[in-house]
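Participant: Residue numbers (this note's numbering), protein chains in the order written: chain B, 1456 to 1829; chain R, 99 to 372; chain L, 4 to 298.
Please note that a few of the clues may not be correct.
Unchecked claim - Reference listing, derived: stretches of chain L covered by chain R, where coverage requires no fewer than 3 residues with Cβ under 8 Å from a Cβ of chain R:
| hint | segment |
| --- | --- |
| 1 | 19-31 |
| 2 | 75-87 |
| 3 | 119-127 |
| 4 | 164-171 |
| 5 | 212-219 |
| 6 | 272-285 |
The hints are simulated quantities; they were obtained by calculation from the structure and are not laboratory data. Here the structure is a predicted model, which is why all the values come from computation and not from measurement. Don't be surprised by glycine CBs; every beta carbon is placed ideally from N, CA and C.
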Amino acid sequence: MTQSVFAPWNDPGAKPLIQFKNVTKRFGEFVAIDDLTIDIFEQEFYALLGPSGCGKTTLMRMLAGFETPTEGTILLDGQNIAPVPPNKRAVNMMFQSYALFPHLSIWDNIAFGLKREGLAKDVIGDRVQEMLRLTRLEKFARRKPHQISGGQRQRVALARSLAKAPKLLLLDEPLGALDKKLRQETQFELMDIQEKTGTTFVIVTHDQEEAMTVASRVAVMDHGKIIQVATPADIYEQPNSVYVADFIGDVNIIEGKAEPQGGKVSIAWAEGQPNVTGTPSSEITKGQTVHFAIRPEKVTISATKPEDATNAIQGKILDIAYLGNVSTYHVELPNGVVIKSQTANNRRLSRRSFTWEDDVWLSWTDTAGILLER
Amino acid sequence: MRRFSWFNATSLTFGFAFLYLPMIILVIYSFNASKLVTVWAGFSTKWYGELFQNEAFLDAVWVTLKVAIISSTLATVLGTMAALVLLRSGRFFGRTLFSGMIYAPLVMPEVITGLSLLLLFIGIGLDRGVLTIVLAHTTFAMCYVSVVVSSRLTTFDQSLEEAALDLGCSPFQAFYLVTLPIIAPAVISGWLLAFTLSLDDLVIASFTAGPSATTLPMKIWSSVRLGVSPEINALSTLMIGVVTLGVICASLISKRSAMKRDQDERTAERAEAA
Amino acid sequence: MRRISLILVPYLWLLALFLVPFLIVLKISLSDTALAIPPYTPTLDLSGWETFRAFVGALDMENFVWLTEDDLYWKAYLSSLKIALISTFFTLLIGFPIAYGMAQAREDWRPTLLMLVILPFWTSFLIRVYSWMGILSQEGYLNQLLLSFGLIDEPLIILNTPVAVYIGIVYTYLPFMVLPVYSALEKLDGSLLEAAEDLGCSRTSAFWLVTVPLSKSGIIAGSFLVFIPTLGEFVIPSLLGGSRTLMIGKVLWEEFFNNRDWPVASAVAIILLLILVIPIILFQRNEQKQREAEG
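If we strip away everything but chain B, and leave its shape as in the complex, we get (with noise of 0.2 Å):
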């Protein structure tokens, strides 16, 4: 039964394919990436999250060997490999810009690292066909990069970096370039690609739901510091800190006063307004300012007081948010805050409940929620 989970990185046991010890790249004055340190396990899916200008792209680029650490050794296969150049490392990149030649074929293309070792023409050919075949891209063998569209571009390029079948495949922004339809298809297509071959995959993108579908693990990067390490899910639920939780997803954040109670804590956060009630994850003292981010999702509308919440506030709503599947309500509080509430539409239109200007309450348990120190 456990053997089915995958999660080496709570194995005490397991050796990491890759490991960043302390590294700092400095550029001139900037600090691109400051003082990391992380593990990056066989056969993971691994994805690095960040707004532009995190450092992600320049952690990447020392992977690949285009940028070289300016503090601490980065390990691969418990090797440094500062000192190795990019064309002796046994690692592959697929560009954001896909950096196909435009001046081969795509067989060329993706013949052109396996050329480079010098191996047999048979080897070559077979090896070529087997990531024609991965890619479904039999038919196009022959034709240009301009005579093929963006998605078929997208998968060369793939099929180019795995060609050599790199211990570990870079993805700098893989689906960028594709509108959100194909994209969507591409992301499993991907998983799938990834888990066929085996091969470890890090990915660089900005997207957080592309991260959350594709990631084994997700690693949210912020000013060259990674702030968390963590499953999608628990970066979901378990944000540590209020970056996490309001990079991902859409979150109400509360900031206010802790006072334990018992194993709860209960927040004042606002004058005339009942306290918040939360549990917390780790100590926290009395009288220490916490925030309590809750998914909107996980706050409840209703048109009278529900009896039995521990967490019940009323207010008016201020802006119907209507998407389709869900519906956001914003509402706001007599003291001018705006709380986010969102439910799925299983009825028709014609029978939702609540219109602009209704006084609603908003409530939920406390455990839906989570307190966060920073």
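Guided by the hints, dock chains R and L onto chain B, whose structure is given.
Facilitator: Then chains R and L, alone, in the frame of chain B:
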């Protein structure tokens, strides 16, 4: 919406007439039978015949072609290297001086370039002849080549080179397997530019040639200083003809390949939509 | 290692064949004329410190003083500046409507028009200047035409006057003006003019208030591309200007080849470069601004 008015049509007509009439007149009068170039005396190709019998002219053509081919090839190699240095080598000692030396010859009056090179050749005791013209032409043409190539390199997607390194190329392999084939059109037009500049040059060649070598422009110069001559008209016509043919061919080729590319891209888009 | 040789080869080439010759010109401009081979003293002698000191001591500004005393030279500089300015103005006057017409032409015509502007550039400069000799001479085609229409009674004297030089410069440098102006005008968004008219401009005022300011960088670039090489021009004044047209490039040539006065020729060259420095810096700044504007 662009608006095409009579004003625009008129200015274009007059503009192009101004650009082309002098050359057209030259071409027409090269077929004039009369020795008096401004009086039309019937159609004749005799000046062409005389041109091909004129040993001095043919010698000059040979010298000019030799100089142009060698110097433009050298200039293309050096200019491409210089462009790579300017755009890829980052900071190094004397970089500002280097880029200054690349751009200065472009704005330097030819008389000064010619004078300074001549003084150098005399100073080091180098016999003037084909070699000195080649050295001179290579030097100023390499700067033009490096401008042409570096303007292509700035739009060159550097991740292509990184991809080549990533797939196991050494830096040198990455250059000749990926970068060079892609920037080849710019390198070729750099060569053509260098070739034309060398063919065209009168001033620098006059300074650096010495008595043993005479290029075609020098020959034309010494002859036209005395006035208009029908032989020079015939020679000019041939030169204009060659250039026109070359430019038209080049533009047809590039137009066709652009059209083909366009079509390919549209087919690819349609394939995706289907 | 490869990087170093990549840098060194073009670097040394340019040092040896551009910078060193230039320093030689500078040095000779400070030397004295002599009836010897080479025809100047002192010659550089690096055999010892004393001889080098003596060499430096013998250099002086005499040739530059001579340039200011003989009014031939400063007349030539002034006349070069005047000719370059006037012909740049006329090139703009003729080039702008052509560039404007090209930018307004149908999209599928534009590559052809562009090629027509570039084509003369590939044709021999010397031949293009020469072609005007037959047109402008006293019994030339222009005079024949005007006489036959009865517009003039006796042939105009154009060849060997400054007017012929202006015509020659405008003609040969026209592509240098048309191309940058065209590329600025071509980028101009047509809806800007429509917006200007929508906001109450007449066509003419929209032209002056929108088109001209937005093509300014192209106009400036084109003007410098004509002005800078014209200043040191030699072929055009020699073929079309006759003996009465003074231009500094011609003076330098004659000083060197006819008078064999190398030090003075070098001094003339140095002054010409000093005059060119200002327009070159302005030109560079314009290019820089344009590049920044384009990001």
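Participant: Evaluate each hint against the coordinates.
Facilitator: How the hints compare with the structure:
Here's how the segment 19-31 of chain L fares: 9 of its residues keep a CB closer than 8 Å to some CB of chain R, so the rule of at least three is met and the hint holds. Counting residues of the segment 75-87 of chain L whose beta-carbon sits less than 8 Å from any beta-carbon of chain R gives 0, not enough to reach three: the coverage restraint is violated. For the segment 119-127 of chain L, the assignment as covered by chain R holds, since 8 residues bring a beta-carbon within under 8 Å of that chain's beta-carbons and 3 suffice. With 0 residues bearing a CB less than 8 Å from a CB of chain R, the segment 164-171 of chain L misses the requirement of three and the coverage assertion fails.
Figure legend: the segment 212-219 of chain L, annotated as covered by chain R; annotation inconsistent (0 residues with Cβ-Cβ distances under 8 Å, at least 3 required). Here's how the segment 272-285 of chain L fares: 5 of its residues keep a CB closer than 8 Å to some CB of chain R, so the rule of at least three is met and the hint holds.
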